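A.B. asks: If you want the building blocks of each chain, they are given just below.
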Amino acid sequence: MSLSTARRPPAADHPPDTDRPGGRPAAVRGDDPAEALVSSRVVPLRRPWRWVASVVVLLLLAQVVSGLAGNPAYQWDAFGYWFFQPIILEGLLVTLKLTAWSAVIGFAAGVVLALMRLSASPVLQSVSWVYVWVFRSIPLIVLLLFLANATALYPSLGLSVPFGPQLFSIDATRLLSYEAAAIIGLSLNEAAYASEIVRSGIISVDPGQREAAAALGLPRHRRFTRIVLPQAMRAILPSYANQLIGLLKGTSVVYITSLLDLFGQVETQASTNSGQVIPLLMVATVWYVILTSVLSVFQYFVEQRFARGVDRLAGRTRAQRILSAVRTRRGVAR
Amino acid sequence: MSATAADAPAQQVVPSATPVVQVRGASKSFGAHQVLQEVDLDVARGTVTVVLGPSGSGKSTLLRAVNHLEKLDAGYVRVNGELVGVRVAHGRLHELSERAILRQRARIGFVFQGFNLFPHLSVLDNVVEAPVAALGRDKAEVRAEARALLARVGLADKADAYPRQLSGGQQQRVAIARALALRPQLILFDEPTSALDPELVGEVLAVIKDLAAAGTTMIIVTHEIGFAREVADTVVFLDAGRVVEQGPPDEVLDHPQHPRTAAFLSRVR
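These protein sequence lines map, in sequence, to chains A and B. With numbering that gives the first Met the number 0, the residue at position 182 of the first sequence is 181, and numbering never jumps. With numbering that gives the first Met the number 0, the residue at position 121 of the second sequence is 120, and numbering never jumps.
Hints are not guaranteed to be accurate.
Said to hold, decoys possible - Quick look at which bits of chain B chain A covers, simulated, 3 or more residues with Cβ under 8 Å:
1. 95–103
2. 114–125
3. 157–163
Unchecked claim - Simulated DEER-style distance windows between Cβ atoms:
4. G207/A / D72/B: 22 to 28 Å
5. E81/B / S176/A: 58 to 64 Å
6. D232/B / S38/A: 36 to 42 Å
7. D209/B / R49/A: 57 to 63 Å
8. L88/A / R102/B: 55 to 61 Å
9. D310/A / P258/B: 48 to 54 Å
10. G246/B / V122/A: 25 to 31 Å
11. D310/A / D249/B: 32 to 38 Å
It is worth saying that the hints were derived from the structure and are not from the lab. Computed from a predicted model, the values in this text were never measured in an experiment. The C-beta atom is built at its ideal place from N, Cα and C for all residues, glycine as well.
All chains should be modelled from the sequences, with the hints used to inform the complete structure.
C.D. replies: Structure representation (structure tokens):
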């Protein structure tokens, strides 16, 4: 915006031309002190307290930073030692794997559950409702412990006709590693929440959109994937990003099933190096912050992708507009 | 106007004596409220039928029944002789499969009061979507045709804009181009100008008038009496779910026979 004001000539160069033809009525001229200033810019209100508040907040922030850096208890040298230790990175990899698999499986199952809930069939509706009810009720930690001990409940897994003969069966202990059990648990939990998020997105789309698509004769799956879902994504994304970040950090509870994720490794190392609990916790914290930041940036770009057509002024995304504004500014500077 | 395929809706070789639309005994109720009561209606090829009536008289329901957006409780609709949404088997009417209904709808254009353009697709993609996805036509060919259609409604320069960047009148003209892209044998308009600022109504009506002059068969639900007089071949007056009166505009609008019609016309004028 400063660009346009810079280009505009200062008001003083052009005093209001009161003698121009078709000007304001003579009766007003001279009576109104604002009359002489019609073409000058309004001076914005000064806000001194805003400056005071900003300075106070910056001082407090500096205090926090110096407290973190200056306090020897944080043992920043130990932090530096642990941060890239292979054993920590191994845990990080487990965390990433759990998050990625559960996010993908959970979201896919969530879409299916949401569609079941919105379908006309009372059977599908109720099954979906009951699923969400059950898995939102069971604490994740309980669910994970159940699954870790599933081999005790179901020593073999198989497929059979209900109340009829068994078709095939596998030894569950071979199939269900701790990691697989954790992914299943996280996905089951994730699907319940994802289904509600997806459902909220779908019902936020104007019913006229579905009707117009139907009136045009678009096939059912095309109506959903091309017309409804892209618009639903605008409502889904912010909530699902929240959910995903929750999942990323939520994976840390798997350490109770003896699966060593990022937090599990930190916890194990802390118990053997009792003097370094704080730096180890900082290692986990910083890694989680990094992962969350990556997700947040990713969220920004995905949201931009689905914001096409929302802006009344331009079809370009905000990122594109910022870029082009920077380019124009550079052009002016030259 | 160039003579591309986009300019004229596809003509099928059906004897012109057969009405494009035949509605017989159409009845529908929402709960206890009877919206349509045994409505009969014929629309001849190349004619414009304007449906008038007070709000709640069943105008929109009748229009939506013609492309099966609304299911009738009793009665049926034929478009070009073909039953819409149902088939006869074993002495009863059975609902068609969704695929068959979609195939029928793709031959009937529908223009909504609230436009219902797809906001996340560009203007061009809005027009291209249905011919490609519903009819399986070649995308490049449809795109060229879509640009010709946008030129026809006076929006050649807006092909790459998004719907929200257009005025209401422009959006409705895009919606008309979108309906035309399917080369419909019939176009239904549900109060096409009711959501528009008064100054934008004219541009949409001009496009519809253009279509009428080109011999497009249309059913238009509207409150624009002046427009009805100008463009209609037949005016149908609906009240409480029944056809009260129908005939040429100068008869129905200027010499209404039924007191309900006269009362309505005196109020909206």
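A.B. asks: Hint compliance check: list the failing hint numbers for this structure, sorted ascending.
C.D. replies: 6, 10, 11
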